[in-house]
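Could you build all of it, start to finish, from the sequences and the hints given here?
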Amino acid sequence: MKRRAFIKSTVAAGIATGTAAIAPNAFAKWTKENFEAKGTDAVMAAIGATDATVSKDIKIKAPEIAENGAVVPITVESGIEGTETISMIVSNNPTPLTAVFTLGEGTAAKVKSRVKMGKSSDLIAVVTAGGKTYKNHVSVKVTKGGCGG
Amino acid sequence: MGTIKLRTKVKGDLVEVKALIKHPMETGLRKDKKTKEKIPAHYIQEVIVEANGKTLLTADWNTSISKNPYLSFSYAGKAGDAVKLSWSDNKGEKDSAEATVK
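Residue numbers (the numbering used here), protein chains in the order written: chain A, 1 to 149; chain B, 1001 to 1102.
Treat the hints as calculated values from the structure; they're not laboratory data.
All values reported here derive from a predicted model rather than from experimental measurement.
Hints may be right or wrong, so weigh each one.
[Said to hold, decoys possible] Incomplete in silico selection of chain A near chain B, CB under 10 Å:
| no. | residue |
| --- | --- |
| 1 | 29 |
| 2 | 71 |
| 3 | 87 |
| 4 | 95 |
| 5 | 107 |
| 6 | 115 |
[To be verified] Computed footprint of chain A on chain B; a stretch qualifies when at least three of its residues, placed anywhere within it, have a C-beta under 8 Å from a C-beta of chain A:
| no. | region |
| --- | --- |
| 7 | 1052 to 1062 |
| 8 | 1073 to 1084 |
[Said to hold, decoys possible] Taking lysine-lysine pairs in the DSS-like style, the calculated list, with each CA pair at most 30 Å apart, reads:
| no. | chain 1 | residue 1 | chain 2 | residue 2 |
| --- | --- | --- | --- | --- |
| 9 | A | 32 | A | 135 |
| 10 | A | 112 | B | 1091 |
| 11 | B | 1005 | A | 32 |
| 12 | A | 56 | A | 29 |
| 13 | B | 1078 | B | 1022 |
| 14 | B | 1005 | A | 29 |
| 15 | A | 135 | A | 29 |
| 16 | A | 38 | B | 1033 |
| 17 | A | 110 | B | 1022 |
Where is the CB? At the ideal position from N, CA and C, for every residue including glycine.
Dropping the structure here:
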C-alpha cells in the first residue's frame, strides 16, 4: 500500500512538473481513478495528498449542521501563495473526491459550490501550490442524507 | 439548450462569476421508486470557464456535486470581458453559454 501510494504520488509529481515546464496553463483532465477511489485514504493517495501539511490558511465555509444533505453549500478559500488547485473531499461519501478546481492565472483562490453528503462527515479541502500539498477540514453534521431518493 | 445561467459582476479589480447549471447529477446509486431499478449515473464531469479565450478555471466534478450545480469564483478582470462557460457530462452531452461583463 505504501509503495503504491509512493509510486502514484511520484508519478503525479512527475506529470505536474513535466506539464508545468512545457505549458504553464495546461489543465488536468478528468481522472477516473481519482473520482472512483473509495475511502478517504485511497483518494488522498490517488491525488498525491497523503502527506499533505495541515494549513490554517485554507478556510472552509460550510454549515455545522446541514438539514438537507442533498445541497450543502461549501466555500473553500486558500491563502497559500501560488495556489494551483483546490479539491473538495467528503470523507464519508462512497466516492469521497467531489471536485477538483484548477485555477488559471489571475483567478482568485476561492471557490464556492454545493455538494451532496450521504451522512455526517468531514469535509476536507486539499490545496496544491508550488509542488506541495496542503489540507484542512471541517465537520458537517447531516440530519437528512442526500444520496437517497 | 439553455441549461446555463451565467452572471458576472465587477467588484473592484475582480470580476465575480456565478453560474447555475440545470442538470440531474444522478449518482448511479439511486433506485427508481416504481421499477426498483437503478437510475444510471448521469453527471457533469468537466466545467471550463474562459475569459477572452483564456482559461480562468476548470472544475472536475464527481456525482456528489448537487443536482443543478452552482459554481462561483472571481478573477482579475474588467468590464467588457467575454466570459464563456462550457460543461460536458459522462454521457457526452455538453452545453455552453457566454456573457459580457458589464
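Could you work out which earlier hints the structure fails to respect and list their numbers in ascending sequence?
Result: no hint breaks.
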